[in-house]
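Chemist: For reference, the chains in residue letters:
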Amino acid sequence: MTTVTTNKTDHGGDVRLSGISKTYGSFTAVHPLDLTVPHGSFFALLGASGCGKTTTLRMIAGLEEPSSGSVFLGDQEVTSLPPYKRPVNTVFQSYALFPHLDIFENVAFGLRRRGIKSVKKQVEEMLDLVQLGEQSRKKPHQLSGGQQQRVAVARALINTPRVLLLDEPLGALDLKLRRQMQLELKRIQTEVGITFIHVTHDQEEAMTMADTVAVMNAGRVEQLGSPTDLYENPHTTFVANFLGTSNLIEAEVDTKTGDDIVLKAGGGKLVLPEARCSAPTTTGGKVLVGVRPEKISLTHADDAGEIPEGRNRITGKIASGSFIGVSTQYVIDSAVCPEFEVYVQNVDRDTRLVPGADVVLHWSPAHTFGLDAAQSLLAGTPGSAGIQEEAAA
Amino acid sequence: MPFVNWLKRHFVVIAGLLTLGYLLLPNVIVTVFSFNKPKGRFNYEWQQFSTDAWKDPCGVSDLCGSLSISLQIAVWATLGATALGTAIAFALVRYRFRARGAVNSLIFLPMAMPEVVMAASLLTLFLNLGAQLGFWTILIAHIMFCMSFVVVAVKARVMSMDPRLEQAAQDLYAGPFQTFVRVTLPIAAPGIAAGALLAFALSFDDFIITNFTAGSTVTFPMFVWGSAQRGTPVQINVIGTAMFLVAVLFVLTSMVIGNRRKKQKA
Amino acid sequence: MSTLTEAPPPLSPTAPEKKPPRKRGRFVPYWLLLPGILWLLVFFALPMIYQASTSVQTGSLEEGYKVTWHFATYWDALSEYWPQFLRSVAYAASATLLCLLLGYPLAYLIAFRAGRWRNLIMILVIAPFFTSFLIRTLAWKTILADGGPVVGALNTLHVLDVTSWLGWTSGDRVLATPLAVVCGLTYNFLPFMVLPLYSSLERIDGRLHEAAGDLYAKPSTVFRKVTFPLSMPGVVSGTLLTFIPAAGDYVNADLLGSTDTRMVGNVIQSQFLRILDYPTAAALSFILMAAILVMVTVYIRKSGTEDLV
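Chains as they are written, first to last, in the numbering used here: chain A, 1 to 393; chain B, 1001 to 1266; chain C, 2001 to 2309.
Don't take every hint at face value.
[What the hints assert, rightly or not] Listed next, the in silico DSS-like pairs over lysine-lysine satisfying Cα-Cα at most 25 Å (straight line):
1. Lys2066(C) with Lys1008(B)
2. Lys1008(B) with Lys2302(C)
3. Lys138(A) with Lys117(A)
4. Lys1055(B) with Lys1039(B)
5. Lys139(A) with Lys120(A)
6. Lys117(A) with Lys139(A)
Simulated from the structure, these hints should not be mistaken for lab results.
A quick note: this is a predicted structure, and the numbers were derived from the prediction, not measured.
When you get a sec, could you build the whole thing from the sequences and use the hints?
Modeler: Below is the structure:
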């Protein structure tokens, strides 16, 4: 499977997972997985609940024993070390702050357990870093959700772990606070330079914060890369649908011309750069063609002549349109795809674009991506297996 | 008609308060009769007001001795039952092991068994073993029947505890023993305290099992029982009333302190 | 990556031994269980076995007893003491029913209507526990005394005529009658009904009442269709906690009753502690235990709440 290689090659501090897997009875939570997280990076494990991302994290923390494989921190193998002997700390889901201890003692807990006597200065500095210096004598339940979250981060960070593991750390916060804490966590990570491994089901959160994102599905890493890479060039339908929205069209390979592949779809022709196709292509074979809704332009059928040459185009009829301020989101009924989504920026609004109008959709071939047609078109969409819970939440 | 409506609307409150009255009436009688000066040996009829008994609560032979035996047994039984019961509760909540169902039944059965059955069978055991009935046999019996109640109280608390707290402690360099002492025990403390309090009350007030296992040792409830046959001294009422007042005061002060602490923190 | 890494991974010199740490704790639960379970086995389970064996022994106190598999003791005990058994069940059942009728409004009051008085009422329910129950039971002798205000009032209202006709009281006395015993049993075990009822009522979301009202349910229908069904766990454990000790009780029958109100507990107690006929006493106690276990099991099955502990 894929392995990350970023240019920051300081192997001394890398987290390396070598073939680790976890099975519970006959259920495999994590399939054998190889992964290297470079030292000092902000790494996100993204996926729906039950995809194995938390299990992976807990195996790094030592809270779960791998069924096979090993965990390395730098050169040291830690697979069989209990959690209290690993130089790794965790920010738990819903924080797990000790309710019987005040904030100061919560933060000092790790230091004291390692036999450090004078903790006052360090704890106060750490509380200042997370802007909670005033609250040190309060009990956890007297703090707001955002404050509790920062205590959890401080409690883990004060131990200067080799790796900080974050298990859905922002899941319990409301949207606005979550945005704020995302930036805050990113700031802290840059400041302390410790490797962060962040588990989340929120694709926006993963993309905002992480340098590298691993998208997990059903116990495997589907794709791994930088957020832009994953978004612009997804390799599976799961990634295409789970990160943002994609329009997927079934097409047949017609000819190959130079770097481009020409495809037939519903009577029309589409062009796909070969470099952006992750599936093997043979003439006459099937391919899934994808394009993001915001890459598409919408032109009324009367003005079809004004569309420049060389763009992929599809004709259809507007089924519905919803105005959401920055943009208008249209659903287009077309022969090649029944529910084509198009987001149009509200710069100059064309008043003819109302439900029932005939339109031409067109986009640059460079924004097209190609996927293996053997996969489910719906993988990773809300309502498909594994995604229901998040959609309901 | 308005009266009938009012009655309908407040039916639950009226009925509930009547039940509360039913529950408290005997305590009122006990208190009032602690100021009685009965003519005969029995303190069942009101004669005249007197504070004699309150001035001399130990004035009846053996009464305060029996009280002290009851207190000693209750303290030791509480310690024993709490220690054993807490360990079982932790094992039941935190670990998987064989024979779990059998252990659960063994905990449940003493609570589902009429006391007289347990008492009679214990007596058979002690007689067969030729054990000397007295303080120790009472203590053994009390630890036995109090333990299940401790298990239930502690189990409830430990079950509601987030397992992530212990994981967090481990993650923060606390070994198994440190985790238990620094995190698990303090958080489970209210449940353990509740179990201990229940064990104390059950042991202190137990009559039936004690009656079978006491031999010639006289605990406070046994003293009361005996006096019901021979003659009831007013001092019994004094002690009953005093225990009631101490309990109410104890709970009230702990509530006031708790409230004040909450306010200070907020 | 499709193959499991069966082969040992590349070990660095500092790599510790392959020994999963948590396996060491495998015996921890057994050590935790051992002392308590041993205690219960020796002082709860073993006595039951001794008792079973005693019940089939014959002999005398002077010459000692021997196991002779004399099952006739059971038959003799039942044929001689069946009225006491029946009485025990009848008294305990009446007391349980009364406890439910009296306790439900009080539990409901504490859970939903008490407001800021809630804690105080809770204390008042629990505090009487701290006055020895024997002292409190003796107080009923005063309350129900012949010619006292309670008996006088019942007489004036002709209630006693009805209860006498039913056989619950005799003449113008309440003391030393079945009514007094049931009244004492009800009083003694009422808190054991109120507390579980309260804890299951308290868990009910108040919005459910509003939702039911919103969906056209009258208050009485809300109670029948929502509140009561949801409080079933409390009703089941409350009735068990009342019925079981009441069926084996002999204190109330002794202090408030007469020789005509003796329950099976009284018989066991006197056989064991006064007459010293151990086989009969053991057989009686065994029958009582078996009867109660059967009744409790059937009841729990019927009411569908298996999880009581």
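Chemist: Compare the structure with each hint and give your call.
Modeler: Each hint tested on the structure:
Our distance criterion of 25 Å between C-alpha atoms is broken by Lys2066(C) and Lys1008(B), whose separation comes to about 66 Å. As the CA atoms of Lys1008(B) and Lys2302(C) are separated by approximately 33 Å, the hinted pair breaks the 25 Å bound. The straight-line distance between the Cα atoms of Lys138(A) and Lys117(A) is roughly 22 Å, inside the 25 Å bound, and the hint therefore holds. Distance check on the hinted pair: Lys1055(B) and Lys1039(B) sit about 18 Å apart at the alpha-carbon level, within 25 Å; holds.
The hinted pair formed by Lys139(A) and Lys120(A) meets the criterion: a straight-line CA distance of about 17 Å does not exceed 25 Å. Of the pairs offered as hints, the one joining Lys117(A) and Lys139(A) holds, with about 22 Å between alpha carbons and a cut-off of 25 Å not exceeded.
The structure does not agree with the numbered hints 1 and 2 stated previously, though it agrees with the rest.
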